[in-house]
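Residue numbers (the working numbering), protein chains in the order written: chain A, 1 to 279; chain B, 1001 to 1279; chain C, 2001 to 2279.
If you're looking for bench data, these hints aren't it; they were derived computationally from the structure. These figures come from a predicted structure and were not determined experimentally. Heads up, a few of these hints could be off.
[What the hints assert, rightly or not] Heads up, simulated DMTMM-like pairs for lysine to aspartate or glutamate below, C-alpha to C-alpha not over 25 Å straight-line:
#	chain 1	residue 1	chain 2	residue 2
1	A	K259	A	E172
2	C	K2231	A	E172
3	A	K231	B	D1080
4	C	K2231	C	E2257
5	B	K1259	C	E2043
6	B	K1259	C	D2080
7	A	K231	B	D1048
8	B	K1231	C	D2080
9	C	K2231	A	D97
10	B	K1231	B	E1172
11	B	K1231	C	E2257
12	C	K2231	A	D80
13	C	K2259	A	D97
14	B	K1259	C	E2065
15	A	K259	B	D1185
In case you want the letters, here they are:
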Amino acid sequence: MTESRQVVAFLSDYGLTDEFAGVCKAVMLSIAPELRIVDLTHEIPAHDVRAGSLTLVRAAQYFPEGAIVLAVVDPGVGTDRRLLAIEVEHGVLLGPDNGLLAPAVAILGGAREVVSLTNDDYHLPAPGPTFAGRDILAPAAGYLASGVPVADLGEVVDAAGLVPGLVSLPREENGVIEGEVWWIDRFGNCQLNVDPEELQAHGGEPGGSIEVRYHDQVRAARWVQTYADAKPSELVIVVDSYGLTALALDRASAAAECKLRPGSPVTLVPPGAAKPEDE
Amino acid sequence: MTESRQVVAFLSDYGLTDEFAGVCKAVMLSIAPELRIVDLTHEIPAHDVRAGSLTLVRAAQYFPEGAIVLAVVDPGVGTDRRLLAIEVEHGVLLGPDNGLLAPAVAILGGAREVVSLTNDDYHLPAPGPTFAGRDILAPAAGYLASGVPVADLGEVVDAAGLVPGLVSLPREENGVIEGEVWWIDRFGNCQLNVDPEELQAHGGEPGGSIEVRYHDQVRAARWVQTYADAKPSELVIVVDSYGLTALALDRASAAAECKLRPGSPVTLVPPGAAKPEDE
Amino acid sequence: MTESRQVVAFLSDYGLTDEFAGVCKAVMLSIAPELRIVDLTHEIPAHDVRAGSLTLVRAAQYFPEGAIVLAVVDPGVGTDRRLLAIEVEHGVLLGPDNGLLAPAVAILGGAREVVSLTNDDYHLPAPGPTFAGRDILAPAAGYLASGVPVADLGEVVDAAGLVPGLVSLPREENGVIEGEVWWIDRFGNCQLNVDPEELQAHGGEPGGSIEVRYHDQVRAARWVQTYADAKPSELVIVVDSYGLTALALDRASAAAECKLRPGSPVTLVPPGAAKPEDE
Chain A
1 MTESRQVVAF LSDYGLTDEF AGVCKAVMLS IAPELRIVDL THEIPAHDVR
51 AGSLTLVRAA QYFPEGAIVL AVVDPGVGTD RRLLAIEVEH GVLLGPDNGL
101 LAPAVAILGG AREVVSLTND DYHLPAPGPT FAGRDILAPA AGYLASGVPV
151 ADLGEVVDAA GLVPGLVSLP REENGVIEGE VWWIDRFGNC QLNVDPEELQ
201 AHGGEPGGSI EVRYHDQVRA ARWVQTYADA KPSELVIVVD SYGLTALALD
251 RASAAAECKL RPGSPVTLVP PGAAKPEDE
Chain B
1001 MTESRQVVAF LSDYGLTDEF AGVCKAVMLS IAPELRIVDL THEIPAHDVR
1051 AGSLTLVRAA QYFPEGAIVL AVVDPGVGTD RRLLAIEVEH GVLLGPDNGL
1101 LAPAVAILGG AREVVSLTND DYHLPAPGPT FAGRDILAPA AGYLASGVPV
1151 ADLGEVVDAA GLVPGLVSLP REENGVIEGE VWWIDRFGNC QLNVDPEELQ
1201 AHGGEPGGSI EVRYHDQVRA ARWVQTYADA KPSELVIVVD SYGLTALALD
1251 RASAAAECKL RPGSPVTLVP PGAAKPEDE
Chain C
2001 MTESRQVVAF LSDYGLTDEF AGVCKAVMLS IAPELRIVDL THEIPAHDVR
2051 AGSLTLVRAA QYFPEGAIVL AVVDPGVGTD RRLLAIEVEH GVLLGPDNGL
2101 LAPAVAILGG AREVVSLTND DYHLPAPGPT FAGRDILAPA AGYLASGVPV
2151 ADLGEVVDAA GLVPGLVSLP REENGVIEGE VWWIDRFGNC QLNVDPEELQ
2201 AHGGEPGGSI EVRYHDQVRA ARWVQTYADA KPSELVIVVD SYGLTALALD
2251 RASAAAECKL RPGSPVTLVP PGAAKPEDE
């Protein structure tokens, strides 16, 4: 099992301008020269734990089996929040105990063992206060890749005591689905936290129309198979490549057009719903 | 031959904020753990096939022999445009059939075999509609690196039927060369689609002056050996490190100064040309 | 020793939009397929040798032993500035002779041997004028990784004749420390060129207050252990994870709040100093 831990998937809010991510990678390779490191993204908005956890969720099923996931979005740096290694069936996730890892852990089958990274034999000595990514988490990734067992990295903690994830699920009442924007991608597509099966359970169907409410707008959106099916400037609903409902325009930004942001509330009213009154 | 296919040069318009490129890399490493992946750039402007193809042209001669080139700039996602593997003398290019690969294929000696990636044994199952980079192209790169022959990835198609490249060549009449800006680099240098030999064929020479017309401007530009030869704020012509003609300022942006963008028309009038009338 | 030269730490001002860094990496892997390349950052501001050299200083102690450091911030491209390989105790640094490497070389124990990269057997033939990173420095990294000795890359030059570093040190008079901002990180923390021991030598102490002067402002900043100890919008002094003095706000940008930039002068007046008159 240990032998397959040769890939690290690395996510952070470090950005690519400072050398933070690069130094963490140098630290990992100093310890485990054979390691392969995949940068998922380092452009998570600063301190945005929610955005980081949703990115991990989207990416989780594509990690190589046995991969180490290193995730650093850590507004609590310098506080006493714990740093964790969470072993799942086919890998280990490393990051702060602030909910960042929780949704991905659930998708990956749940925590088998959780260790707080308290064993400073596996920390890097810091010239000043600890820089968690560089001094604790990156070394942990390197040592795991070198064959150090998870349990050696610190003390076992109770998985039930971890900070839970922040990812919000939609509410449904009489077929009206109150969701929110989980993610806006580079192309301006707005992924909602809505499973298309929920729409279908209330009379929505591909080819038909769904009422979309956001801010003070009420619009009809056609449910199409693919972005290219949208007419110019037509707001459409698509099932995106993650299997979730998304608002989109063909070759234009639905987010810009609708002034939506991550976390914006969006209500979907499929044909079979008891329509709420327009306020 | 197959053994050398251990480097992937990866270009896309995915940007570095979303995890798209990272997930594609995770997919490749899941299939071919020994693979080395070089990110050429992921900051091709969204859907800008022309910019992507010019970047591949500039980079092509520097790919390791036998490299796999993975290129994704795909405004036709969700349409029935084909996804291709194009085998050239020393490598394989993977990408959509929209002209993106064509100029690089020509530079690399032309297509030996073209396959449409229709064999879904080598696709990733998608939770929603297909995400071409993640579900078809990245797996193809991984399987090629693992020794799967190009021909196994789908059905052979006729190279003559591919969508041609979009790269425009200059027009020359009486020594007047009507070109355009192919590329503006980070430093604001404007690479033109003009071979310096064309300038020399009409009396241009290093050290001399060339008339440059763009927008409604007519300026003289000195042909210098290197950026550092330019006087402060002097517009100069240099042969750039790709062997093409470029407009430049020393330590300043010629693009900003001249308000030029990729695709902007620029006319060069070397001394031996029959000068067009000023309009 | 040569065998350990399998990691390159790569820093430049190429940015990530153009393919410059990617092509340099392709060149390195063409020569040394086993090489591992760590991107420190390619977002050094264009031509900002000082920012590049400070980044190398911060990162230097984290490079794997024996690593090759490839650094390209080269406003003198096309002039006759030399390109160097500088061997240090545990590695080799490659870059232009413009002061970029000097501070990192000092931190890494000083130059053992310096070679000007004049041996064009180890250059790449360029289609136009030389692109130093692609045609000389990246090949040098590749050949060093392949076992070519430093001395083969060109002629030995005198370390005493190198362009010195540009990194400025603080001035102290009667306990008043006139420093400057060395670095502003993604989070807006302002690292100063001030060793906290200097503050302590003049009566400063953790928990106490230090007078901070910048632009025409005079403010008191509390010296706290960590960012999280700051009250909302309270300007604080922390010893950062590099062991240097930094100005910070909790979860906000001290740089934006105080309108500080890299190089901005900042004066610190610890309690034991002879206070200068307010102007």
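Quick rundown of the hints versus the structure:
In summary, the hint linking A/K259 to A/E172 is supported, as the alpha carbons are separated by about 24 Å, within the 25 Å threshold. The straight-line distance between the Cα atoms of C/K2231 and A/E172 is roughly 40 Å, outside the 25 Å bound, and the hint therefore fails. A hinted pair counts as satisfied when its Cα atoms are at most 25 Å apart, and A/K231 with B/D1080 qualifies at roughly 17 Å. For the suggested pair C/K2231 and C/E2257, the alpha carbons sit about 15 Å apart, so the restraint of at most 25 Å is met.
For a cut-off of 25 Å, the pair hint linking B/K1259 to C/E2043 stands: about 24 Å separates their Cα positions. For the given pair, B/K1259 sits about 31 Å from C/D2080 by alpha-carbon distance, which is inconsistent with the 25 Å threshold. As the CA atoms of A/K231 and B/D1048 are separated by approximately 20 Å, the hinted pair is consistent with the 25 Å bound. Taking the CA atoms of B/K1231 and C/D2080, the gap is near 17 Å; set against the 25 Å cutoff, the hint holds.
For the hint pairing C/K2231 with A/D97, the CA-to-CA distance comes to about 23 Å; that is within 25 Å, so the pair holds. This hinted pair does not check out: B/K1231 and B/E1172 have alpha carbons roughly 30 Å apart, beyond 25 Å. Between B/K1231 and C/E2257 the alpha-carbon distance is near 39 Å, which puts this suggested pair outside the 25 Å criterion. This hinted pair checks out: C/K2231 and A/D80 have alpha carbons roughly 17 Å apart, not beyond 25 Å.
Straight-line distance between C-alpha atoms of C/K2259 and A/D97 comes to about 34 Å, which puts the hinted pair past the 25 Å bound. For the hint linking B/K1259 to C/E2065, the alpha-carbon distance of about 47 Å lies beyond 25 Å, and the restraint is violated. Proposed proximity of A/K259 and B/D1185 is contradicted: the alpha carbons are some 32 Å apart, above 25 Å.
Figure legend: structure checked against the earlier numbered hints; hints not met, in rising order: 2, 6, 10, 11, 13, 14 and 15.
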